[in-house]
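There are 4 protein chains.
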Amino acid sequence: MNDIIQKIIKFRDERGWAPYHNEKDLAISISLEANELLENFQWRNSEEAVAESIQNIKEEMADVFIYLLQLAEKMNVDLEEEVFKKMEKNALKYPIKKE
Amino acid sequence: MNDIIQKIIKFRDERGWAPYHNEKDLAISISLEANELLENFQWRNSEEAVAESIQNIKEEMADVFIYLLQLAEKMNVDLEEEVFKKMEKNALKYPIKKE
Amino acid sequence: MNDIIQKIIKFRDERGWAPYHNEKDLAISISLEANELLENFQWRNSEEAVAESIQNIKEEMADVFIYLLQLAEKMNVDLEEEVFKKMEKNALKYPIKKE
Amino acid sequence: MNDIIQKIIKFRDERGWAPYHNEKDLAISISLEANELLENFQWRNSEEAVAESIQNIKEEMADVFIYLLQLAEKMNVDLEEEVFKKMEKNALKYPIKKE
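Chains as they are written, first to last, in the numbering used here: chain D, 1 to 99; chain A, 1 to 99; chain H, 1 to 99; chain U, 1 to 99.
Be careful, since some hints might not be right.
Identical copies look the same in the list; a pair holds intra-copy or inter-copy alike.
[What the hints assert, rightly or not] Straight-line C-alpha distance at most 25 Å; calculated PhoX-like pairs for lysine-lysine:
id: 1; residue 1: K58; residue 2: K97
id: 2; residue 1: K86; residue 2: K98
id: 3; residue 1: K89; residue 2: K10
id: 4; residue 1: K98; residue 2: K58
Hints are computed from structural coordinates only; laboratory data are not their basis.
So here's chain D without its partners, still in its complex pose (with noise of 0.2 Å):
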């Protein structure tokens, strides 16, 4: 995932927008991409907007992974490592039902 990380804040640096990139103004982006790519199931279930919509669909889940990735890099938190730590508190939370 680094080189991904290096490919996104390269694009960004060579476009001179760090500058806006604040935590608060990524963390909306996120939001924003989520809908647009919701949007895409609107008035639809899934196999209609997969059948309809399956590229639109793939490029709003990069975008959402993008700003995301960027939301990381800048506050410094390893994304993998965090949904480890989290599943294992999920795992507390969610145990599994024995039979």
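Assemble the complex: chain D is given as a structure, and chains A, H and U must be docked to it using the hints.
Frame of chain D, contents of chains A, H and U only:
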């Protein structure tokens, strides 16, 4: 990133959640988690939010990522590849300004 | 507010949209429009956003309201009554600080 | 609708919240509440959500409306007038299909 996806899928399947995980509800979940992340910045600037809520910010970022990876797995999408494609498209849309 | 609801419902029915207007998709629509409203504030402070985008801000506020009224009508909810009830609840949750 | 706005503003001012209520954070708040509303529909269809969570759905609708009215008051926007204008615009964009 494959390790993390395998771990998330195993977690989901051990709890019998797979039948609920259709694409539309996963897209809804990404928006919900993005807004739980954003809530940390409500009525505050970036510095205040990071100072007061860094732990929750990290956990909500992890939650956005977990649902994004689950949607990617469900749709058989390679997120990193989609980011590279989207950035090529963005590079055409936002060319670097030469001085 | 009844006039406005009647007008919105007439608009919907003249276009044959009623069958699509289930509660879940109306709730999705409110989030989508809320984020189109929020997009006007991305990378900007309030003053800049209002100065540059007042017209679009007003239109997106109208869109949020239109979908909210449609969900209320669909569920037979009196929005004004619910606001009064919620504020009574909030008044207990956030008591006025006496000095 | 004027009564309800006056009541909301009085509530805000009695708690000294006015200084926090800039337009950008109010727009963020509308998105946050819209997603708390939407959360009631996660992993469920409309019927299940309404059957199981009608009370919370009504309260979150009230919260979206409260923040929308506060933004309107802050910006000196007449929400009902904006809805009428937006519907005239929509009527041109989506003409009624004659058979």
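Original post:
Which numbered hints does this structure break?
Top reply: 1, 4
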